[in-house]
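Visitor: What follows is each chain in one-letter form.
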Amino acid sequence: MALPSSPTWVAVTPEPLALDPLVTWATRPDCGAVVTFAGTVRDHSADHDEVVALEYETSEPHALARLEEVAEEARRRWPAVAAVALHHRVGRVELGEATVLVVVASPHRAEAFEAGRFCIDALKRTVPLWKREHFPGGSAWSSATEPIVGVEST
Amino acid sequence: MALPSSPTWVAVTPEPLALDPLVTWATRPDCGAVVTFAGTVRDHSADHDEVVALEYETSEPHALARLEEVAEEARRRWPAVAAVALHHRVGRVELGEATVLVVVASPHRAEAFEAGRFCIDALKRTVPLWKREHFPGGSAWSSATEPIVGVEST
Amino acid sequence: MARLLLLGPAREAAGVREDEVAGDSLEKVLAVARARYGEAFAAILATSQVWVNGEPAGPESPVAPYDEVAVLPPVSGG
Amino acid sequence: MARLLLLGPAREAAGVREDEVAGDSLEKVLAVARARYGEAFAAILATSQVWVNGEPAGPESPVAPYDEVAVLPPVSGG
Chain V
4 MALPSSPTWV AVTPEPLALD PLVTWATRPD CGAVVTFAGT VRDHSADHDE VVALEYETSE
64 PHALARLEEV AEEARRRWPA VAAVALHHRV GRVELGEATV LVVVASPHRA EAFEAGRFCI
124 DALKRTVPLW KREHFPGGSA WSSATEPIVG VEST
Chain A
4 MALPSSPTWV AVTPEPLALD PLVTWATRPD CGAVVTFAGT VRDHSADHDE VVALEYETSE
64 PHALARLEEV AEEARRRWPA VAAVALHHRV GRVELGEATV LVVVASPHRA EAFEAGRFCI
124 DALKRTVPLW KREHFPGGSA WSSATEPIVG VEST
Chain P
4 MARLLLLGPA REAAGVREDE VAGDSLEKVL AVARARYGEA FAAILATSQV WVNGEPAGPE
64 SPVAPYDEVA VLPPVSGG
Chain W
4 MARLLLLGPA REAAGVREDE VAGDSLEKVL AVARARYGEA FAAILATSQV WVNGEPAGPE
64 SPVAPYDEVA VLPPVSGG
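Residue numbers (the numbering used here), protein chains in the order written: chain V, 4 to 157; chain A, 4 to 157; chain P, 4 to 81; chain W, 4 to 81.
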């Protein structure tokens, strides 16, 4: 999680996620807009009325490569985008904690909102991550799954 | 800036803004998505090649009332929205610092993105705030202005 | 006397943020303000919205003692 | 021997995350895996994507020693 010099910062980490360091990193003197998305653990799911935690599994090198591709594609579609950070928790994540952070900085807000939305939508379909739901008395893989696809097809 | 019990939190403040406390406040057990927008001070503007700081002036009671109206309107248009925070700096804001934060929490991400975009667009047209640009050798009111309109007409 | 609240560029042009002005309609209050603060203020007033007690108001709007008349030039927040 | 990488539900069904499997095509490697890990794994494999060295691959794709064959069930990140 060392700060990168390039304007893309991807990470999969077992540590809690915080937005302010990413927004500080993303902010550029020539940029006036930073849009972020945080996905957080909800107390219920399609499968379970009560969810107490999520647990994510991944292959870190494959996940990092795909996160980089998502950021590149966002920059290709919205060339004004200046900085993109995509961080995902792995391991157990408690209720209310953030599971994923998307941060996009750009000179103006329109492309920051659009690219931010693209990044989270693409991340969910292209990055190798699997979610177990923990509920009172057990745990099970989430049934809210999608076949993994390439970033170019999102 | 005491934490409110209602799910709208508006503020105008001379203190630096931080996202993480607002996101923590906005996160609800039944919500899985938090979208934020941060406007930051850019090093240039339409009027000046070099900008070193901005300085905002307001009428605090009128600004707070309008910020409340923006949040209400967002909730009226996207009823799933659970929490809205709208915080704006006043006084002098240095290069790279945030001038405004918008935080929207909702069960799903589509309405969080849409309501977040609405809030910053509406805020700029409806809230009584005036920006001076500081540059080497002086300062002047920003020429990037719009007639103030009511929230219902945004 | 109505309470005048002059904001942003209107405050700067008038040289004062708050003042007291006589007049029982918005038109009369603003005529006094124009005369008192001069041409630079009048030019800004011409492009401003005016609120009475926080609500948009027109020239005919009545103004009672202690009412707040706020002059809001075009805004630039965000 | 190719290196198998079994992820998420595929890892759980196989009982192992990494393994070594003989075979010079993807089809042959996966046939060995099916036989080795049983029906629950085969059912998950049927809905999974398979990558060779990080690139999507089909049954005919050649597999060389030390190639990584990754089994990726439908994902649920975010």
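Read the hints as simulated data drawn from the structure, not as lab findings. Just so you know, even glycine gets a beta-carbon here, dropped at the ideal spot from N, CA and C. Hints should not be assumed to be uniformly reliable.
[What the hints assert, rightly or not] One side only, chain V facing chain A, incomplete, derived with CB under 10 Å: (1) Ala36; (2) Thr39; (3) Phe40; (4) Glu60; (5) Pro64; (6) Val93; (7) Arg95; (8) Gly99.
Visitor: If a hint holds in the structure, say so; if it does not, say that too.
Guide: Results for each hint:
no.	hint	in the structure
1	Ala36	holds (6 Å)
2	Thr39	holds (4 Å)
3	Phe40	holds (5 Å)
4	Glu60	violated (19 Å)
5	Pro64	violated (27 Å)
6	Val93	violated (18 Å)
7	Arg95	violated (17 Å)
8	Gly99	holds (5 Å)
When each numbered hint is compared with the structure, violations occur for hints 4, 5, 6 and 7.
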